[in-house]
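Protein chains in written order, with numbering that gives the first Met the number 0: chain B, 0 to 369; chain E, 0 to 667; chain X, 0 to 320.
Some hints here could point you the wrong way.
What the hints assert, rightly or not - Under 8 Å between C-beta atoms, here's a sample of chain X residues computed to sit facing chain E:
hint, residue
1, T24
2, Q31
3, Y78
4, K80
5, L94
6, G98
7, I102
8, F103
9, F151
10, D156
11, M159
12, I167
13, D168
14, M171
15, P266
16, P270
Claimed, not checked - Restricting the straight-line Cα-Cα distance to at most 27 Å, the calculated cross-link-like pairs of lysine-lysine (DSSO-like) are:
hint, chain 1, residue 1, chain 2, residue 2
17, E, K262, X, K69
18, E, K263, X, K181
19, E, K189, X, K80
20, X, K152, E, K262
21, X, K64, E, K273
22, E, K263, X, K61
23, E, K298, E, K277
24, X, K61, E, K262
25, E, K273, X, K61
26, E, K273, B, K117
27, E, K184, E, K120
28, B, K122, E, K508
29, X, K80, E, K184
Stated by the list, open to error - Chain E stretches covered by chain X per the calculated footprint, using a threshold of three residues with CB under 8 Å from any CB of chain X:
hint, segment
30, 101 to 114
31, 331 to 344
32, 519 to 530
FYI, nobody ran anything at the bench for these hints, they're computed from the structure.
None of the values given here were measured: they were computed from a predicted structure.
Glycine included, every Cβ here is placed at the ideal spot set by N, Cα and C.
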Amino acid sequence: MGLLKTKKIDNDEKYFFASQWSLMFKKLKKHKLAQISIVILIILYTQMLFAQFVSPYGLESFDSKVVNAPPTKVHLFDDEGIHLPFVYAYEQKRDPETFRKFYVEDKSKRYPIKLFGKGETYKFLGLFESDRHLFIVDEPAKIFIFGSDKLGRDIFSRIALGSQISLTIPLAGVFISFILGITIGSISGYFGGMVDTVIQRIIEVIRSFPTLPLWMALSAAIPARIPVIQMFLFITIILSFISWTGLARTVRSKFMSLKTEDYILAAKVAGVSDFKIILTHMIPGFISYLVVNMTLSIPGMIIGETSMSFLGLGIRPPATSWGVLLQEAQQIQNIALYPWKLVPLLYVIITVLAFNFFGDGLRDAADPYK
Amino acid sequence: MKKGLALFIVLALMISMFAGCSNNNNSAEASGSEQESVTTEQTTGEVQETQKVEVDTETLILSEAPELAEKVGTGELPAVEERMPKLEDIMIEPVFDSIGQYGGDLRFPWRGKKDKWTLEKMTEEALFRFKLDGSGVEPNVAKGYDVNEDATEYMIYLREGMKWSDGVAFTADDIVFYYNEMVLKETFGKSPYNCYYSVNPETGEKTLADVTKVDDYTVKVKFADSSVLFLERLAIDNKWMFAPKHYMEQLLPHIVGEAEAMKKAEEMGFSDIKTLGKYTGYYYWIVQDRPTLRPWLLKTDTEAAVARWERNPYYFKADAEGKQLPYINSIVCQKIESSDNIILESIAGNVDINVFELTDFTLLMENRDAGDFRVTQWSGTDWAGNAVVFNQGVEDVKLREVFTDIRFREAMSVAVDRVELAALVTDDLGSGQQASVPEGLVNFKEGWADKWSDYDVERANTLLDEMGMAKGSDGFRTYKDGSDFELNIFQIEIDSTSEMGEFEALIKKYYEAVGIKTNIKVVDSTYGEELIQSNGIVAQTFVPALFNVALRPDNIVPIRNYRSWYGSYGLYYSTHGEQGEKPEGDIALLQEYYNIIQSATDKEVVDEYSQKIIDLHEKNQWIIGYTSPKPRIVLVKNNLKNVPSKLIYCDEFRGYGHSKLQQYYFGN
Amino acid sequence: MVPLVFVTSMVVFAVIQLPPGDYVTTYIATLQAEGEAVDQKIIEDLREEYGLDQSLPVQYFKWMKNIVTKGDFGYSFSYNKPVNDVIGERMASTLLISGLTMIFTYVVAIPIGIYSALHQYSIGDYIATIIGFLGMATPNFLLAILLMFASFKWFGDPMMGLMSMEYIDAPMSIAKFLDICKHLIIPVIVIGTGGTCGLIRVMRGQMLDELDQQYVLTGRSKGLEEKKIRRKYIVRAALNPIASSIGWNLTKIFSGSTITAIVLNLPTQGPIMLGALRNQDMYLAGTWLLFMSVLTMVGTLISDIVLAWIDPRIRLMDSRM
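So here's chain B without its partners, still in its complex pose (with noise of 0.2 Å):
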């Protein structure tokens, strides 16, 4: 009978037994407007790993007689009664005065859509090619979802090929900013006096330091060689050694409060070591904060993006991001006739969105009093 007892261990013992992530994790299940942000999220990223796949269209599908067309059309019905969806090829016209074209769609033959059909050739994932798409149209239709842009590329494929370099840069960039900040900031924090007074010393200079003349520096002295993706990624991460400091500093801080609490004290009187009590001790103690920044900062490094490439510092055509697609949609001439171009502002505000509300739920969930 003891034997059973033992063994049997209760959920409330469970509970009381957990380690602080797995408790976390439960809480995360229950916050709902997380959930659905994970979700997304994991759309998104699925989506940028097999963008090649997934987008109908690559980025250098130029086509004269499709440019800047709206949103393709997805029918069911027709005069003969209703069919799996299909759509109709386009018939540019050009009205004679302004020269604006326009499109007229042409009825007599339905092009339905092909699940798996047969597309451009891609190389997926970098490995093995393939002419695999998750949806297409045979020629000479084309399926735009988000309509065309004004060389006739396809916007939906665009922002999928695109996402792989707007959703990876900022996690890097943010990983290192965040690995920096903690570190130095708990030193500085922690130990305090003379190594504080220098770090701090430190941090203040180059807080000052000049991004733009950097970024121009860096730009200007890449070789042509180098793809214009890599040097970006180099770009960020160098910038990432700078937006550490902010995140320092408020660790710093959040120390110096915490370091007189009474449990440090016993730790250190224990003979636990510093390096131990910053780990084990003191970072738990304020995580929900450097969980509600760190989301924080993926959304900025976004939106960081999409302003250098307006600057035109960033990420530049013929590379596609989601930064170089609001640069072309951001033009009076597309805002005010092409207006289907600022569908990546959609993306751009639903990643950001996504990564607030589940730094929320995280926050939420690593709150101990809950």
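Starting from the structure of chain B, add chains E and X where the hints point.
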């Protein structure tokens, strides 16, 4: 609840986004314009002429703008007859449409000092200016001229009674002073202009002209050798050959001494004497209170949120009815940095005239009613809309061998589908063609625009194979010796919000389709300039423009370190062999022919050798063009009159200035 | 702090020189673009004139000397005016716009953050969250352009710049004042919503953290008024991280949100400085950067002071440990 609300908001956003996308239904009534690629009327070199004027100026009764009349009334200004030249010497400015009326302010946004030349050209008054069709020059500030048989002596006649904008008389003294005390003494940071030299046909030696006063209104310009094109070259190089003596002699260091000059510099806010000299002598139109002969004078700081150019009460031109020009009271320049903002303000109707890109055409046309303006097109002197050049003087030996091989250039020309390219890059508003002298300009050659303009990938591959540039295992071609070949095409940005690199992306696609590995490198204008100066540009997207080889050849003849396609050959010429590299073959011929032109003793020789230079370009096609020259799209507010609907818009003709703003007026 | 300023100025000076070329190259490029012929000799003369042919340390030393002895920050090559003038001219409008938006941000964000935390998961919390997030998620410049375009479509005028053209030189009047207010709507919304969101979230997060602390429970059980607990204890503790970030915002005031200013054509410092950096207008850019770094240091100092004032634990720190 929260979930639902979030979903709802997102959906609402998406729906509103697509709701605006139902544009494809609007213009369904457009009939007749089926599949033809409609091109905008290429107003190649056509000009709208001004109304012919036959006026006996001595019978004119002068009148003036109401504000000026008021000032005459209060005694602030002398009467209009005293402010303008004497009747028989007044210049009548013919109008494009009709005699105008006084009033109004011309709203023209600018970027401040960066756009100083735009305003300069709008208000410029040259000694002799180009005729509307560019076929020669006509008197402007000068009344006329005489030239002797061998073109070594020019007599220039001025207008009696003409005055500077501060009321002081404008006489021959101002011309002689400018030449002797400013040009020769290099007081404004420039060495004497090319036009003032005559070239000895045998020795090639250059000598400066002698400028002397004959009487108050006559100046003699004497050359050691013939200078057949003196007046035209003057109109290109220096434009104005005068300066207000009474003003300048108070601040030139060699006249008043360095200390006094320095004091003046500080008073006027300049850092040193050189800058003082540069601004009062060269960029003088943006120095307030510096007397000029222009129709409008700057009255505010250039960086002000709104800069104002006010009417010059002493302006020397009148219309055929004796009304002193300009009609318009002032030019008002709001400081706007970004071109997107300018478009927005324009379609909102807050801009009276502006020149736009071809791709803005549709947006402007759609908003004509909203903004109450009309859209017209002016032509330029570009040889193409988009072109690529390969540096013929590139330092890398292997690259040079490839670039100077005419087969390479032909291959890269025929490897591109111009029809598709033009359709994409110009939005079907232009067409594909080779870089050549446009129709309507002198040296135009029928058929040149079609040279190497077919889309012939097979031929391109054959040529490249012939050159020994075999394809490697990765599909890209290598040099004859097997080493990797890579083409770096530089794109120099003028400002960051401009061109999105579509042309370059497309070129890359076509080049790589025939096995030429291509990289597009975008650089800002500063770095680009640095590269040009140090001969670091391998290949570039560049469009040459010129209207007359004899007068302004530096785009197509290497005479100074100016363009990347001729490496350092231009530097060699301008430094007389001290720096740069000596050219050979046809490029050397270009320089040789230009020398002959400079020392020509009659116009036939000039024309002959100009043609020879152009022929060399046709033969070698150093500049490979892909699309047709882009017209300039001009927005004109509906109530702004006397704006020509056809004009040659180029730098030599001073841009907007050629349309003679002093006769614009606001009417109904 | 003073030696730090010098170190920063040296670093700043060096970094500005990093991009290839110098002002003369930019100048030549501009000249060429304008159609002027530039010969070799002129280029060398220009370098000499601007003092750009001397070595970096010499240039730096000269610059510093002028600043320290005459308060002269050098000469702006592109504006052909003393740097002092260029910066001074735009101070007023920069302060106005940035000051207003900063006040807007804090005044709006902090109360909303507090409310959000106290009424967690209520409709009010929810709406505030959504609006704040949307504002933050949309890149500022795009929002600005969209608003300007909307203004054009609905009101016929894009509301660019600080005021309409006819009022620029006119004396102050009711009409002018109203016009300025109209033009300020878009900038304040754009710049304000960008900053508010972050602040709201942080405030909210902090408040929530504090709400569950032991001392709150203690205070309640002791019978303290809820309002008093909030004001004196929770809010003060929650303001901790916000206080440490006020310092950074000081620099934001003076750069006046560059990108938005460019888009909206506002006459503030930001665009000028961007241009100076682009053109390698050394002294103008250098002075501004120096200014920014000094401000940062001042800001940090202020942050420290504010932090100490708000959080008594820090004050006591030294005595405990």
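Would you pick out the hints that fail for this structure and give their numbers low to high? 5, 6, 7, 8, 14, 18, 20, 26
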